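Visitor: Residues per chain are reported as follows:
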Amino acid sequence: MNLESGHYFSTRNIGALVWACIEQGAAVDAISGVIVNRYQIEKIDADRALAKFVGELLQHGLVREAVDGENTRPATLDDATGWPATWSAPQVEVYTDMEDLLLLDPIHDVSDAGWPMPLPDQPAA
Amino acid sequence: MEPTVSVVLVVRNGDAYIAEALRSVLSGPVVPNEVIVIDGQSADDTIAIASTFPNVTVHAQRSRGVAGAYNEGIQHASGMFIAFISHDDIWTENKLALQLTYLQQHPEAMGCVAHIQHFLAEGAEIPASFRASLLDESVVGYVPEALLVRREIFARVGLLDESYAAAEDTEWFARARDAGCMIGLLPETLLLKRVHGANTSLAGERLNKHLLMALRGSIARKRNTEGTSPA
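Residue numbers (the working numbering), protein chains in the order written: chain E, 37 to 161; chain F, 22 to 252.
One should not assume that every hint holds.
Chain E side only, calculated, beta carbon under 8 Å to chain F, not exhaustive [said to hold, decoys possible]: (1) M37; (2) H43; (3) W119; (4) W123; (5) V128; (6) V130; (7) D133; (8) D136.
Straight-line distance between alpha carbons at most 30 Å, and here's what the computed BS3-like set of lysine-lysine pairs gives [to be verified]: (9) E:K79 / F:K243; (10) E:K88 / F:K243; (11) F:K243 / F:K230.
Since the hints were derived computationally from the structure, they do not count as laboratory data.
This structure is a prediction, so every number in the text was calculated from the model and none was measured.
C-beta atoms are modelled at their ideal positions from N, C-alpha and C, and glycine is treated no differently.
Extracted from the complex, chain E is given alone in its bound form:
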C-alpha cells in the first residue's frame, strides 16, 4: 500500500514466497537457487522470471537494491510450506481502483504516530 500514490499491490504464484525471501535479506541469486532446486527448472528461466518480478518491485518503490557493504543472507525459506506444487513465475499486481479513497483521504493521512484513532475502550466517537 502506497499512501502517496494511492496504489496497492498484490502478488501471484510464488510472489509472496519470493517477497518473504527478500524480506529476510536474501539476494536474488540465492532465491533463484532455491527456485531451481525446488522446481527443477533451468537457472536461466528462474533468473529471468525473478529479474522481471524484482524489477517491477523496484519500479514501484516496494524494494530497494542493497548498497555496498550491506550483507545479504541466505534464502532460508527453502523448506517453508506454502510453495505451490508446480512452477509458475511470480507476478506483481498493481491496483489503482481505490486511488481516490487512499490518496486524498485526510483521515488516513497520518504520520507514524497516527491520527485520529479511537481508543480501544471507547464506546463511541
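Keeping the supplied structure of chain E fixed, place chain F upon it in accordance with the hints.
Guide: Okay, now just chain F, sitting in the frame of chain E:
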C-alpha cells in the same frame, strides 16, 4: 413523494461541540426529518443539550466504537436517505440540499460525498501527527460525515465492519465500489472537520494494518470469480 432524510450523529462526551453540529444540520434550506443521536455513554451534558433540539432522538449506544455507533443509527433510521455527522463536525448550510438534489438528478448514484475542510478548534494546537497543510486546503472526503446515501445501499453493501477500527470507512467505501455502487463526488466543500486534541488517540500502525486488511479484502472480492485468494 417527498424525500425523507435521517441524519445519524455519533457522540461521546461532546457537550463542547454538539450544539454547533446540530445547528448546522437543522439550519439549512433542507431540514432532515429526524436526527438520531447515538450516545456512547457520555458523562457530560451531551444528552441534555441534544434533547433541546427539535426532531432529535437520543439512543444509548449498545455496541462499541464509532462504526458500531453509526451502524446503530442506520438501523434506527427511517428516512429514504441517510446522512452522518460526528459531534465535532459542522455541515455547511447547503450540504443536505446540494447532495439531495444530486441524488435526485442522478438515479444511477447510490450516494455522494463532497470535499471537506479541516479547521483547528479554538485554542487547540495542531496534533503532532496531523499534516498541518490540510488546514489550508479543501480535500476529497470519503468519510461518512461527508456522505449522503440512499438507504438501500446498506442492503447491497452491508453495514460498517466494526472490526476495522479507524479504517472502517475506507473498508466500507471499498466494499461499495466492489459491489458496483456508484458514489458521486461533489466539487463543493460541504463538511468542516474540527481538529482538536480530544479526537485523537494515536495508533497509526494499527490503522495501516486495518487499511491493508481492507485492501486485501477488496483484492479477494475482485479475484473471487477466479477462485484464487490474494497472496
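Visitor: Identify every previously stated hint that the structure contradicts and give their numbers, smallest first.
Guide: 2, 3, 4, 5, 6 and 9
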